[in-house]
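Could you slot chains L and F onto chain D? The hints should help.
Chain residues, written in single-letter form:
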Amino acid sequence: MNGSLPALTPGLLLAGAVTAAAVSLWLLLPRGAESRLARSLGLVLGAVALAGFIAAGRRLGSLGEEAVFLTVALVAVVSGAATIVTRSPVYSAIWFALSLAGVAGVLLVLGAQFLGVATIVVYAGAILVMFLFVLMLAQPSGLAPYDRVSNEPLLSAVAGAVLLGLLSLSIGRLSTDASCCAVPSKAAAVTGAAQPPAPPTADDPLAVDQVARLGGELFGRHLLAVEVAGVLLLAALIGAIAVVTRGEAALEQDRRLAAGGGNR
Amino acid sequence: MMPLLAAGSTALLHNALLVGAILFALGLVGILTRRNLIVMFLSAELMLQGISVSLVAWSRYHGDWGGHVLVIFVLTVAACEAAVALVFVLQAFSRTGRLDAAAWQALREATLSRSVDHALPESDAVPPRWPRLARAGVLPPADEDAALEREHV
Amino acid sequence: MQSLSPATLLVLVPLLPLAGAVLTLLLGRLLGSRAHLPAIAGIAAAAAVAVTLLLGTSNQVGSAHGPHAEPVRPVEMITTLWQWASVQDAYVPPEGSAAALPGTAVSGAGGAARAFTIPVALRLDPLTATLLAIITCIGLVVAVYSVGYMHHDPGYPRFFAVFSLFVFSMSMLVAASNFLVVYVFWEAVGACSYLLIGFWFTKPEAARAAKKAFLVNRVGDFGLAIATFLLWMTYGTLDFHDTLSPDGTILPGILGQTRLADAGGIVGGAVGTAICLCLLLAACGKSAQMPLHVWLPDAMEGPTPASALIHAATMVTAGIYLVARSAPLFMACPDALAAVSIVGATTALVAGLIATVQNDLKRVLAYSTISQLGYMFASLGTGTLLGFTAAIFHLVTHAFFKALLFLGAGSVMHSMGGVIDMRRFGGLRRIMPITAATFLVGGLALAGVAPFSGFFSKDEILATLHAKGWPNAHGEHHDAAPASHASLPLPPGEGRGEGAPATRLASLTRSPAAAPPAVLDTPETFRVLFWMSLVTAGLTAFYTFRAVFMTFTGPIRVPEEAGHHAHESPPVMALPLIILAVPSAIAGWWLFSSQWLAHFLTATPSFSAPAVTATAVPHAFHMDLAIQGTLAAAIGIVIAAIGHLGRRSDGPQMERFLGPLQTFFANRCYIDQLYAGLIVRPLEGLALLAALFDRFVIDGLVNGVARLPAALGGVVRRLQTGLLQRYALAGVMGVLAIVFVLAWRLRG
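Protein chains in written order, with my numbering: chain D, 1 to 264; chain L, 1 to 153; chain F, 1 to 748.
Chain D on its own, in the form it takes in the complex:
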């Protein structure tokens, strides 16, 4: 793309990182035949891609902040990659839990304490455990064939790379041009002048009583949406139970038919 000049160098850097990431993913994804060489090459390329992304990232104010953010972000991304390339679904789930921890860290760095904790509690504590239960119910012995091959790895990696390239390019352009990202106020709209980011106000998410303010926001302005979400949860609960019971009945019937009159 013919971006403007200031975006060119980070753009090239990002393009290289994205390409390396795509090739790395393609090499690491399960493809039936396991090759130690491909695995090593994939790991190396993945490291290169990570380095590229780190280089393309903006420098934060201080080294400490930089280090904290980098750590949690790396945990999130690397574990996420491991989630999708690991053959065993059990390991995948565990990698996913680790990735969740990284994401929670990123959220904490972004100042969303409640959400960080909630992510850990809800995902790792509830949803992931549910996945594991299903795995316990359903996993066959050994590594299933369908875990050892993947569907169209090359095309999918290319698609992911294109998506990532588009996203990161636009992310780079957005943050280069600061004026484009500010919320346009009425005054700005009238005068056409660029508006600097608004100073922290009483609604600042970073305030001390953040959780209380979030609660107030949720049950004040978004009360209706919360109620609707509650209804949705209830519906999902009932629906899941209904499907399970009906499905079991139908399954039982199928089995009897298959057994020719049924020996149960």
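These are computed hints drawn from the structure, not numbers from a lab. Hints should not be assumed to be uniformly reliable.
Unchecked claim - Cβ-Cβ distance ranges computed for the label pairs, FRET-style:
hint : chain 1 : residue 1 : chain 2 : residue 2 : range
1    : L       : V116      : F       : L712      : 49 to 59 Å
2    : F       : F740      : L       : V116      : 29 to 39 Å
3    : D       : I241      : L       : V77       : 49 to 59 Å
4    : D       : R256      : L       : F88       : 51 to 61 Å
5    : D       : I238      : L       : R114      : 51 to 61 Å
6    : D       : A47       : F       : L742      : 25 to 35 Å
7    : L       : V77       : D       : R256      : 45 to 55 Å
8    : L       : R114      : F       : R29       : 58 to 68 Å
The structure displayed is predicted, hence computed values, not measured ones. Yeah, the Cβ is synthetic: ideal placement off N, Cα and C, and Gly gets one too.
Here is chains L and F on its own, set in the frame of chain D:
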């Protein structure tokens, strides 16, 4: 807890968005390639995580609660989705005995034959021992080998 | 019935048979063997109404005062039922055209646009009243006869439904007052005829005959359609009658009294001749005249009552009616008139010749019908008032005696177990006395023997032809004086044009004087035609009595199909024969002596045009012509008696007389073969070529185009693997492509 950085930091926004984009792209690739239904759902959750990071970053940048609220709803919907979807996964498993997304291809063109996996090469004479969880509600058979492998799980 | 207005009665005449037809159609299966009740009730009521109307109209016209009364005033009544179509500003008459008729209120607004309106209007005038009475009365008699004849036929209700529908259509045809409506019912009677010819459609011959009748009629109908278009182009209306436009002016109809009163109102010349020839073509198709007569003999495959009513008494006279109704149009085109006569007389002679060698009783009668219709055309073509009234006179008498003959033939056929070949039976007068007696009456009438009805009408036709051929003897006594010194008669157009100069002021451009001199309309032509008609009279007598002798005299012979129950027909069939025999015997004498019909018809608007009334001659009985006609008939009867009376004679005598001609006539002059060779075969070849082209070139093209998407689809089909993740991948790639394009376009 004091905020680490002031609101409106472009650099933080940029980096957080990049992390969110990478997570989203990873989730996308995962959902497209992996055939295990459970891993597909994990990938979907990974995409949701990418979204959540981006939302909170924007919320931080603009000093607005909207992103936080949306993330809470994302959590809610993800919980619902997981509940319902896992039910379907279980049903599918009951019918086919597999957690394979490719087991369902009845919608294919009538003239095409069923697509099958290419023959998997027998790379090792002894297949590696993969961790395995005992089946729920069933007493696992006493297996010394499995007991020996416990430390890997 | 006195309380009902004439308009209501007029509507009732077609409506009652229609109701009968609908009822029979709906309840036919329910009624079973009583399915004739609705139809007969409807037709009987219609007949009563029609006779009432006839008497009422007759009273309006008044009785004839002496041999040559003062010109009667035209009698006409129009009932507009509804407007079928109405298009505003459809026609702008060109300046000075016939549509912008001067002498009427319209002339001022000659250039104004006019609406195209098709009113479904019924008219009542002497011609219509006469034909309505004939159609319904004979229809009633034949319907009663059919009760016996069609007994036990599986299609019993169907027969009466179509029969009733025919009476409705025919009534509408003669009562309609608009060329387009006439066209509609012209087709309707054709459709009824088709249905009745093909009544026993499981018989291949019947189906083929029905198809043939339909197709041959289509040629004539084409002529009527062209004539209708031309009339619209020329006159800007299709109505017969004058109509009052909303702004108070009179829109003259084609045959309306306004236009008829104006000497120059009718267009002559090339356009007029074209119109008349197209009308003549239509009439030839429907009335089975010379080039298009081939369908009528084959139409005898239908049930005999249908043949009697449709193919002898009524429908085939629709052509006569059309020409008679359009008489003023023909009067403006002398050549077209002469063409009518030539076609008629030629047909009469040829059909008579063919009839002499036919062995099928019904076919003899069919050719005799064609021949008699030819007489009527010959009479119409003379273009004199006497010619027109004589044609209608002959139409009326012919309707009676030909229906009688057909019903008699049907009675024979009924009794002989379906055999109609005259060589296979004989001496039937002892078995079927009533049939024999009534058939003899009909035969005498057809042959033109003195006191019977055919004699008088045929005599009038011969008289009018004679008057045209020897104009010097016109109005004088007819002593067959040589006319070599006769000066050319005034062409009708000129005499008429000078008769009313005042009305021609604004119409110099369409003066009849501009018409070229007539080529065909010469006395010499009509002299030839007269002699042809006289010969035909002899032939008529011959073949009629040949049939009578072969069927009813000699030793009794009965074909084995009849079994042992050859007997006189039941009363329900015999009674109609007797009823029809009465008018066949005396109607001619009564109508001739009282001149009631001729006087009555003169009040028809079409016949009251100055051009027509100018040709009126005093009524007279032409003894010399009567002697010639009777002599011809006597010669014919005598030859028939020599050949066929007293002993079985299956035709060797005839072959001795005629030699190779016998084969020629027996094969119907090879006209069918001629048509097959000239028209049918080349068309079949063309159709074969077209079929091959269609099958190999066009179908190949179409199939090729159809195979293209299938081939393309075969490529894309491989993508439809049914795998969820492939679909997801395709979706993601599509979204990315869209995003990519959008990002590219928004890159600035």
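Comparing the hints with the structure gives:
1. L:V116 with F:L712: 49 to 59 Å: 27 Å Cβ-Cβ, so the 49 to 59 Å window is violated.
2. F:F740 with L:V116: 29 to 39 Å: At 34 Å between Cβs, range holds.
3. D:I241 with L:V77: 49 to 59 Å: Check failed, 19 Å falls outside 49 to 59 Å.
4. D:R256 with L:F88: 51 to 61 Å: 23 Å, violated
5. D:I238 with L:R114: 51 to 61 Å: Distance hint for I238 (chain D), R114 (chain L) is violated at roughly 36 Å.
6. D:A47 with F:L742: 25 to 35 Å: 33 Å Cβ-Cβ, so the 25 to 35 Å window holds.
7. L:V77 with D:R256: 45 to 55 Å: Violated, at about 38 Å.
8. L:R114 with F:R29: 58 to 68 Å: For R29 (chain F) against R114 (chain L), whose Cβ atoms are near 60 Å apart, the range 58 to 68 Å holds.
Violated hints, listed in ascending order, are 1, 3, 4, 5, 7; each of the other numbered hints is respected by the structure.
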